[in-house]
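All chains, full assembly: derive it from the sequences and hints.
Residues per chain are reported as follows:
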Amino acid sequence: MMRVVVDLTKCQDHGQCVYAAPEVFQLDGAGKLAYVADPDEALRDAVDEAADVCPLQAIRIDA
Amino acid sequence: MPDAAAGGHGRIVVVGASLGGLRAVEQLRAAGWTGRVTVLGAEPHMPYNRPPLSKEALAGAVPMASLVLRPRAGAADIEWRLGTAVSAADLADRTLTLADGRTVAFDGLVAATGLRPRRLDRPGPGEGRHVLRTLDDAVRLRTVLTRRAAVRLVVIGAGFLGCEVAATARQLGADVTVVDPLPLPLVGSLGELLARALLRLHRGHGVRFVLGRGVDRFEPGRVVLDDATALPADVVVEAVGARPNTEWLAGNGLDLSDGVLCDAHLRVEGLPYAVAVGDVARFPDVRFGGGARRVEHWSTAGHTAKTAARTLVAGLAGEPPDQAPHAPLPTFWSDQYDHRLQAVGAPRLGTDDIRVLDGEPDRDAVIGYHRDGDLVGVVGFGRGRAAVAALARYLARLEAGPASAAMPGSTTLRPPSMVRTAPVT
Numbered sequence: 001m002m003r004v005v006v007d008l009t010k011c012q013d014h015g016q017c018v019y020a021a022p023e024v025f026q027l028d029g030a031g032k033l034a035y036v037a038d039p040d041e042a043l044r045d046a047v048d049e050a051a052d053v054c055p056l057q058a059i060r061i062d063a
Numbered sequence: 001m002p003d004a005a006a007g008g009h010g011r012i013v014v015v016g017a018s019l020g021g022l023r024a025v026e027q028l029r030a031a032g033w034t035g036r037v038t039v040l041g042a043e044p045h046m047p048y049n050r051p052p053l054s055k056e057a058l059a060g061a062v063p064m065a066s067l068v069l070r071p072r073a074g075a076a077d078i079e080w081r082l083g084t085a086v087s088a089a090d091l092a093d094r095t096l097t098l099a100d101g102r103t104v105a106f107d108g109l110v111a112a113t114g115l116r117p118r119r120l121d122r123p124g125p126g127e128g129r130h131v132l133r134t135l136d137d138a139v140r141l142r143t144v145l146t147r148r149a150a151v152r153l154v155v156i157g158a159g160f161l162g163c164e165v166a167a168t169a170r171q172l173g174a175d176v177t178v179v180d181p182l183p184l185p186l187v188g189s190l191g192e193l194l195a196r197a198l199l200r201l202h203r204g205h206g207v208r209f210v211l212g213r214g215v216d217r218f219e220p221g222r223v224v225l226d227d228a229t230a231l232p233a234d235v236v237v238e239a240v241g242a243r244p245n246t247e248w249l250a251g252n253g254l255d256l257s258d259g260v261l262c263d264a265h266l267r268v269e270g271l272p273y274a275v276a277v278g279d280v281a282r283f284p285d286v287r288f289g290g291g292a293r294r295v296e297h298w299s300t301a302g303h304t305a306k307t308a309a310r311t312l313v314a315g316l317a318g319e320p321p322d323q324a325p326h327a328p329l330p331t332f333w334s335d336q337y338d339h340r341l342q343a344v345g346a347p348r349l350g351t352d353d354i355r356v357l358d359g360e361p362d363r364d365a366v367i368g369y370h371r372d373g374d375l376v377g378v379v380g381f382g383r384g385r386a387a388v389a390a391l392a393r394y395l396a397r398l399e400a401g402p403a404s405a406a407m408p409g410s411t412t413l414r415p416p417s418m419v420r421t422a423p424v425t
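These protein sequences, in sequence, are chains G and H. Residue 36 in the numbering used here sits at position 36 of the first sequence, and the numbers go up by one each step. Residue 399 in the numbering used here sits at position 399 of the second sequence, and the numbers go up by one each step.
It should be emphasised that the hints constitute simulated quantities derived from the structure, not laboratory data. Given the structure is predicted, the values throughout are model-derived calculations rather than measurements. Where hints are given, some of them may not hold.
[As the list claims (entries may be wrong)] Interface residues of chain H toward chain G, partial, derived using beta-carbon atoms under 8 angstroms:
(1) M46
(2) R50
(3) P51
(4) A65
(5) R148
(6) T331
(7) W333
(8) Q342
(9) L391
Note that the Cβ used here is the ideal one computed from N, Cα and C, for glycine as well.
If you want it as structure tokens, here you go:
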């Protein structure tokens, strides 16, 4: 199963991941990141894209 | 001439080992290329992330070593040849000549050589004058900015790089003056409303701006402007734009007048076996019109690599490229002091019709840029992250909606919830 880990010490709430994979990443009303840690495999391309576009490269995908 | 077999028994050579080169090899593997891939990089470093070089890394908040990018797991079996500059290419013969005279043959070519800083063509000694593009540049600049307290820095150019360097240097305690021939910082990219907000922000942090003035000459310890004003300077940063690295492609009959001219599938002049990625690529602006141009955003590397890799793998298999032309939605950002600026679309095209969509320009605001009444760009700007969140919500809908694929002249960027606009008076 796909595991998403965001290093929240690196994350600066740019929101680029939200544009790439809105099903997995969201910013709350205060602009803080929330995400699904075990998204459906069908979303892999979008999650890969989200990891690519993170300006801080804070998103890791395990397995 | 070498043969490239479908599925990939040939060799693809990527020239350039920065973000564009890295994304290209990842996308070549994702597109099913199983053949050899060689990356030739002029710098000695593995691909690293450049945006922090003017911000967190220059400030010392993150170590330079942490900027190295992690390749995707799928990007395996890649031959990285670093510190290896390419001096010439023969596209008909499919060979590259390296700076040391050796040659490298390829079946498919990815041009990802990026940009180098433009230097100011003014007389005077070069000592104390810096540019900022590479990790080595950033290390050098950080060293001189932190050598002692209150270093006197003159930044030439009030674009994104110049403004970010000014903000970071100010936070390091430098005494900072920014010079630009235009009347406001970033006015071409963001228009007057945000340009004025940024100017207030910088001045509030004690940065001086000398606007509407150019540099006449450099003298030891000072910069002399075209009105004969002399600015004392221990350190000068020239942030006056960048030039594409295309000299190595000369002699092949290509249009290299501003980067490598590509078609809408990122093929170099329609060649099936050569593509360009990143900010060296000049390609038709299918989304906003106006002819071919280069796009100097960080996001361009990823966007172009995806299209170009598919095009190249198809071309080497003797197949046509994807039907859809390359038409990504550009995004970019800037961090200055505690303010974040985040943009989507092409704000520069809509600076004549700027409307505040939400908030206030000196706090958290969402600004809309319009051309012929149509929204062509949105910028979130502020200290908090509310504007970014608003932008993200709006974009998630935009990307999900069928209108996101619409072409120029449509109201692509105007979702119903954002129509509560007010003209700026």
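For each hint, the structure was consulted:
no.	hint	verdict
1	M46	violated, 13 angstroms
2	R50	violated, 10 angstroms
3	P51	holds, 6 angstroms
4	A65	violated, 13 angstroms
5	R148	violated, 30 angstroms
6	T331	holds, 7 angstroms
7	W333	holds, 6 angstroms
8	Q342	holds, 7 angstroms
9	L391	holds, 7 angstroms
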